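Asker: Residue-level listing of the chains:
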Amino acid sequence: MAKKDTYTPDPERIQLYLSGNMPKADQLVFENEIDNIPLLREAVQEAALAKWTIHAYANKEEMKALNKLYENNARTARVINSMHYRWMAVAAVIGLLLVAYFVFKPASVKNMEQIFASYYEIPASPDIMAIDTEEALRKADKAFGEKDWNAAIEAYGQIHEDSISSFQLSRIAFFKGISYMELGNWDQAENSLLGADQHPEQSQWYLAMLALKQGEQEKAKERLASISSNSDHYYAAQAKSLLDELEHLKE
Amino acid sequence: MLPSDQDIIEGIRKGGTARQRLASQIYQQFMGYVYKGQQRYKLNLEEAMDAYADAVTGVCRHIEAGKFRGESKLSTYLFKSFSNRCVDKLRRRASNANVEWEGLTPSMPDKAKTMIQELVVQEDIQRLLSLMDELGENCKKILIDSEYYGFNMEEIAERIGFKNAASVSSMKYRCLDKLKKLIGKRNS
Chain P
1 MAKKDTYTPD PERIQLYLSG NMPKADQLVF ENEIDNIPLL REAVQEAALA KWTIHAYANK
61 EEMKALNKLY ENNARTARVI NSMHYRWMAV AAVIGLLLVA YFVFKPASVK NMEQIFASYY
121 EIPASPDIMA IDTEEALRKA DKAFGEKDWN AAIEAYGQIH EDSISSFQLS RIAFFKGISY
181 MELGNWDQAE NSLLGADQHP EQSQWYLAML ALKQGEQEKA KERLASISSN SDHYYAAQAK
241 SLLDELEHLK E
Chain D
252 MLPSDQDIIE GIRKGGTARQ RLASQIYQQF MGYVYKGQQR YKLNLEEAMD AYADAVTGVC
312 RHIEAGKFRG ESKLSTYLFK SFSNRCVDKL RRRASNANVE WEGLTPSMPD KAKTMIQELV
372 VQEDIQRLLS LMDELGENCK KILIDSEYYG FNMEEIAERI GFKNAASVSS MKYRCLDKLK
432 KLIGKRNS
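First to last, the protein sequences are chains P and D. For the first sequence, this note's numbering gives the first residue as 1, with consecutive numbering after it. For the second sequence, this note's numbering gives the first residue as 252, with consecutive numbering after it.
One thing to keep in mind: the hints can contain errors.
What the hints assert, rightly or not - Think about it this way: if two alpha-carbon atoms lie no more than 27 Å apart in a straight line, the pair counts; the simulated DSSO-like pairs of lysine-lysine are: (1) P:K68 - D:K287; (2) D:K331 - P:K60; (3) D:K392 - P:K139; (4) P:K60 - D:K364; (5) D:K432 - P:K68; (6) D:K392 - P:K68.
Just so you know, these hints were derived from the structure itself, not from any lab. Small disclaimer: the values here were computed from a predicted structure and weren't measured.
Assemble the whole structure, with the sequences as input and the hints as a guide.
Answerer: Shown next, in the form of structure tokens:
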């Protein structure tokens with residue numbers, strides 16, 4: 001054991017101990033030293049407290065970021081729900097209009113457009129999700145919020161990928177996808193939405209919407225079926241309802 | 252679509268970007284639990300969201316520490332963990348307590364936990380956490396990325412635009428030192 005009066009705590013040994021990766025036998029020796037050498041005890045305590053502080057802080061930040069996902073989903077759902085109730089309230093009128101469409105506009109794409117319009121809502125303008133979000137991202141989000149799709153695409157494209165987290169990259173892909181969709185640029189919309197891998201529920205829903213917008217009924221149904229088959233999916237109920245309408249369309 | 256439980260476990264243990272991505276994927280996949288928590292435990296939305304996010308990050312910690320290796324389904328494990336946290340919320344509501352220090356404690360030997368338990372007293376938690384904000388953005392990012400998310404030094408260098416891993420590594424030790432000093436000042 002080291003002499004108490006000449007003892008200098010070894011930071012690497014302390015880190016190894018706190019990481020839990022020190023072999024059991026060494027750990028027992030080390031803990032014995034902690035009990036007998038006040039200087040070491042103090043250094044371990046200090047390092048443990050610093051480690052705790054970092055973890056606790058990071059944990060709270062991560063929880064906040066995760067809960068932003070919930071809030072964004074809830075906001076989108078509220079929009080969709082309010083649309084749903086509005087739809088029910090004017091169902092009779094729309095029903096009459098649909099009859100008129102059947103008579104005068106036999107092309108099923110037109111009817112799909114109506115259905116699309118009743119389910120599609122531009123996602124709410126994105127929030128700033130990270131404390132250190134860079135200026136370029138704010139600019140892009142602002143353009144998106146103002147529905148200036150070309151400016152939004154250009155601004156999102158100017159963000160240096162290395163400077164942001166993968167979560168933000170996914171978010172950018174999602175909002176870029178929506179911007180392309182609004183401009184009628186289907187291929188790029190699909191590619192971007194497919195790249196929003198950390199926003200799977202939103203991107204799956206909007207990919208279904210994209211297929212619907214393109215008049216690709218079978219593709220839309222396939223995507224909606226995949227969403228509605230997962231009861232935990234945020235858009236499960238909407239997907240089921242939309243699928244029912246599409247089935248009815250076929251009849 | 253969420254990867255298989257085994258892929259999730261491997262990805263989270265790998266740390267870094269994979270861990271971050273998987274945590275948000277898990278969170279999004281089982282978001283319905285928040286509603287279940289509100290219904291079953293009569294929690295308000297904020298409490299249920301807090302319990303759910305805590306459960307997701309807790310499951311990640313258990314995977315990192317090897318406490319969950321896929322013996323049961325991830326969804327079952329997460330729900331059990333979430334339910335426990337909902338019950339904790341109810342208990343804390345009854346006892347008026349705020350944050351439990353232990354729930355925020357990373358994996359470390361029991362002796363080390365006991366040593367800091369006496370220091371992390373309830374009223375000090377917010378003050379301790381606020382010290383992180385005094386470190387500056389780069390320091391905070393380096394410490395969180397390396398200690399919490401498990402990014403290696405090369406990855407952190409790329410993320411914050413440093414020339415190489417060595418400069419991140421030396422900065423990490425300076426930051427850690429700075430944090431220890433801030434903690435020390437708080438105690439004195």
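Asker: The structure should be examined with respect to each hint, and the outcome stated for every one.
Answerer: Cross-check of the supplied hints:
Taking the CA atoms of K68 (chain P) and K287 (chain D), the gap is about 19 Å. The hint holds against a cut of 27 Å. At most 27 Å may separate the alpha-carbon atoms for a hinted pair to count; K331 (chain D) and K60 (chain P) meet this at roughly 21 Å. At roughly 23 Å between alpha-carbon atoms, K392 (chain D) and K139 (chain P) fall within 27 Å of each other, so this suggested pair holds. A threshold of 27 Å between alpha carbons decides the hint, and for K60 (chain P) with K364 (chain D) the separation of about 19 Å falls inside it, so the pair holds.
Between K432 (chain D) and K68 (chain P), the direct Cα distance comes to roughly 33 Å. Violation of the 27 Å bound is thereby established for this hinted pair. Between the alpha carbons of K392 (chain D) and K68 (chain P) the distance comes to roughly 20 Å, so the proposed pair stays at or under 27 Å and holds.
Hint 5 alone, counting from the list given before, is not met by this structure.
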